[in-house]
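Asks: So the chains spell out like this:
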Amino acid sequence: SAVISQKPSRDICQRGTSLTIQCQVDSQVTMMFWYRQQPGQSLTLIATANQGSEATYESGFVIDKFPISRPNLTFSTLTVSNMSPEDSSIYLCSVAQGLTDTQYFGPGTRLTVL
Amino acid sequence: ELKVEQNPLFLSMQEGKNYTIYCNYSTTSDRLYWYRQDPGKSLESLFVLLSNGAVKQEGRLMASLDTKARLSTLHITAAVHDLSATYFCAVDWVNYGQNFVFGPGTRLSVLP
Chain A
1 SAVISQKPSR
11 DICQRGTSLT
21 IQCQVDSQVT
31 MMFWYRQQPG
41 QSLTLIATAN
51 QGSEATYESG
61 FVIDKFPISR
71 PNLTFSTLTV
81 SNMSPEDSSI
91 YLCSVAQGLT
101 DTQYFGPGTR
111 LTVL
Chain B
1001 ELKVEQNPLF
1011 LSMQEGKNYT
1021 IYCNYSTTSD
1031 RLYWYRQDPG
1041 KSLESLFVLL
1051 SNGAVKQEGR
1061 LMASLDTKAR
1071 LSTLHITAAV
1081 HDLSATYFCA
1091 VDWVNYGQNF
1101 VFGPGTRLSV
1111 LP
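These protein sequence lines map, in sequence, to chains A and B.
Under this note's numbering, the residue at position 104 of the first sequence is numbered 104, and the numbers go up by one with no gaps.
Under this note's numbering, the residue at position 78 of the second sequence is numbered 1078, and the numbers go up by one with no gaps.
Hints may be right or wrong, so weigh each one.
Calculated pairs, DSSO-like style, for lysine-lysine (alpha carbon to alpha carbon, straight line, at most 27 angstroms) [stated by the list, open to error]:
no.	chain 1	residue 1	chain 2	residue 2
1	B	K1068	B	K1003
2	B	K1003	B	K1041
3	B	K1041	B	K1056
4	B	K1068	B	K1041
5	B	K1041	B	K1017
6	B	K1068	A	K65
7	A	K7	A	K65
8	B	K1003	A	K65
9	B	K1041	A	K7
Listed below are several chain B residues computed to face chain A (Cβ distance under 8 angstroms; list not exhaustive) [what the hints assert, rightly or not]:
no.	residue
10	Y1019
11	D1030
12	S1042
13	L1043
14	L1046
15	L1050
16	A1085
17	F1088
18	W1093
No lab work stands behind these hints, which were simulated from the structure alone.
If you're wondering where the values come from, they're calculated on a predicted model, not measured in any experiment.
A virtual CB, placed ideally from N, CA and C, is assigned to each residue, including glycine.
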């Protein structure tokens, strides 16, 4: 399975600021996914990022709030813009690999907004 | 809209006991995945079930899929403390590998 790293691993931010989260994969992948996991909750898909095209956002998530870049087949960034305390969550990136299309997850970025 | 439910949401069990976690989903799919998440950690893939009647086993865990009933089970045999974690099922629909919908998770605590 792919080895996925994320930066930063955690951060504490002030309300109204923005944070960019990086996701690096050790192999080329077509699609990368960004999820949010609020404390004690399940995972919710934010968007799917394909290289060379605009990200596809799920209902309830918009590009102005969560802009995504996908400059190549091994890297993606998610920005959380104009943050509020409600954005405090774990943000995870994942990739789908193999014949089974299993999604493999990065270690996550734990964000706290004060 | 696809809904994925898990039952129970919380499970406290004694070591050595057996128990089953259920995952129900609301629309047709023949791809279901089980993940484990330890506190403060990311998700680890456990099982991939790709067809009706599929059964996979790894150690004390066994997963099965009944696509007609839209039901998957994760059976725990002779539980040990190391199995304490949150277990998620995820259903893949619409486009293979692209649209995972996760269940709410089952938080398992195995007591000595």
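Asks: If a hint holds in the structure, say so; if it does not, say that too.
Replies: Verification of the supplied hints:
no.: 1; hint: B:K1068 - B:K1003; in the structure: 16 angstroms, holds
no.: 2; hint: B:K1003 - B:K1041; in the structure: 25 angstroms, holds
no.: 3; hint: B:K1041 - B:K1056; in the structure: 24 angstroms, holds
no.: 4; hint: B:K1068 - B:K1041; in the structure: 34 angstroms, violated
no.: 5; hint: B:K1041 - B:K1017; in the structure: 26 angstroms, holds
no.: 6; hint: B:K1068 - A:K65; in the structure: 40 angstroms, violated
no.: 7; hint: A:K7 - A:K65; in the structure: 19 angstroms, holds
no.: 8; hint: B:K1003 - A:K65; in the structure: 26 angstroms, holds
no.: 9; hint: B:K1041 - A:K7; in the structure: 15 angstroms, holds
no.: 10; hint: Y1019; in the structure: 20 angstroms, violated
no.: 11; hint: D1030; in the structure: 12 angstroms, violated
no.: 12; hint: S1042; in the structure: 5 angstroms, holds
no.: 13; hint: L1043; in the structure: 4 angstroms, holds
no.: 14; hint: L1046; in the structure: 10 angstroms, violated
no.: 15; hint: L1050; in the structure: 6 angstroms, holds
no.: 16; hint: A1085; in the structure: 14 angstroms, violated
no.: 17; hint: F1088; in the structure: 6 angstroms, holds
no.: 18; hint: W1093; in the structure: 12 angstroms, violated
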